[in-house]
Amino acid sequence: MGTGCGIGAILAAAQCRDVVGVDVNPIAVEAAAANASRNGVGDRITFRQSDVFDAVDGRFDLILFDPPYRWYKARDLLELSTADENYGVLTRFLGHLRDHLAPGGRAMLQFATSGDIDYLYALIDAAGLQKEVVASEDLGSEDLTVTYFVFRLTP
Numbered sequence: 003m004g005t006g007c008g009i010g011a012i013l014a015a016a017q018c019r020d021v022v023g024v025d026v027n028p029i030a031v032e033a034a035a036a037n038a039s040r041n042g043v044g045d046r047i048t049f050r051q052s053d054v055f056d057a058v059d060g061r062f063d064l065i066l067f068d069p070p071y072r073w074y075k076a077r078d079l080l081e082l083s084t085a086d087e088n089y090g091v092l093t094r095f096l097g098h099l100r101d102h103l104a105p106g107g108r109a110m111l112q113f114a115t116s117g118d119i120d121y122l123y124a125l126i127d128a129a130g131l132q133k134e135v136v137a138s139e140d141l142g143s144e145d146l147t148v149t150y151f152v153f154r155l156t157p
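Counting from 1 along the sequence shown, just add 2 to a position and that's the residue number in our numbering.
Don't read these hints as lab results, they were simulated from the structure. No experiment lies behind these values; they were computed from the predicted model shown. Every residue gets a Cβ at the ideal spot worked out from N, C-alpha and C, and that includes glycine. The reader is advised that the hints may include incorrect statements.
What the hints assert, rightly or not - What follows is a set of in silico ranges between Cβ atoms, one per label pair, in the way DEER data are often shown:
| hint | residue 1 | residue 2 | range |
| --- | --- | --- | --- |
| 1 | Gln-17 | Glu-144 | 36 to 42 Å |
| 2 | Ser-39 | Ala-124 | 36 to 42 Å |
| 3 | Tyr-123 | Ala-16 | 28 to 34 Å |
| 4 | Glu-144 | Thr-48 | 42 to 48 Å |
| 5 | Ile-29 | Trp-73 | 19 to 25 Å |
| 6 | Arg-40 | Gly-130 | 37 to 43 Å |
| 7 | Gly-130 | Met-110 | 17 to 23 Å |
| 8 | Asp-118 | Leu-79 | 30 to 36 Å |
| 9 | Asp-78 | Asp-120 | 26 to 32 Å |
| 10 | Tyr-121 | Asp-45 | 15 to 21 Å |
Take the sequences, apply the hints, and build the full model.
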């Protein structure tokens, strides 16, 4: 979800038979497909343009998502990778995640304290999902430190 340059899908294809990568940005979808071909896994990844799950059918064992952390309106297509007005994309993703997870499936979601982490927790709870922090790291300086998290989400 939000495949960007395709790195997550490319890495997943090293271990998985079938991978789907989606992004709202058509330029990102094109770049991701080219990168997958260059890395010899283009035949195992289907890339498509999609706003969250709009063009995604089926259920998956693993869904990766690195959503935009900022809650303001994106000014252009490029800024959609960092800005999500009122967390609408994140809300839709979490609200429909159960519908797209296979039995025993999970999602890995990245987020940071530069975004509204308490709001993220509220959205996860409202969706009835379980969360577990599987990785975290503090980055910054003595003036500003941001904590980055990877969460495992399960129904």
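The hints, checked one at a time:
1. At roughly 39 Å, the beta carbons of Gln-17 and Glu-144 sit within the given window of 36 to 42 Å.
2. A beta carbon spacing of about 41 Å between Ser-39 and Ala-124 agrees with the range 36 to 42 Å that was offered as a hint.
3. Between Tyr-123 and Ala-16 the C-beta distance comes to about 32 Å, which sits within the given range of 28 to 34 Å.
4. Distance hint for Glu-144 and Thr-48: a CB-CB separation of about 46 Å, consistent with the stated range 42 to 48 Å.
5. Checking the proposed 19 to 25 Å range against Ile-29 and Trp-73 shows it holds: the Cβ atoms sit about 24 Å from each other.
6. Here the CB-CB span from Arg-40 to Gly-130 is close to 40 Å, well matched to the stated 37 to 43 Å.
7. Gly-130 and Met-110 have their C-beta atoms about 18 Å apart, which keeps the hinted 17 to 23 Å range intact.
8. As the Cβ distance of Asp-118 to Leu-79 is approximately 23 Å, the hint placing it in 30 to 36 Å is violated.
9. For Asp-78 and Asp-120, the hinted distance range of 26 to 32 Å is satisfied, since their beta carbons lie about 28 Å from each other.
10. For the hinted restraint 15 to 21 Å between Tyr-121 and Asp-45, the CB-CB distance of approximately 40 Å leaves it violated.
In terms of the numbered hints stated before, the structure departs from hints 8, 10, listed from lowest to highest.
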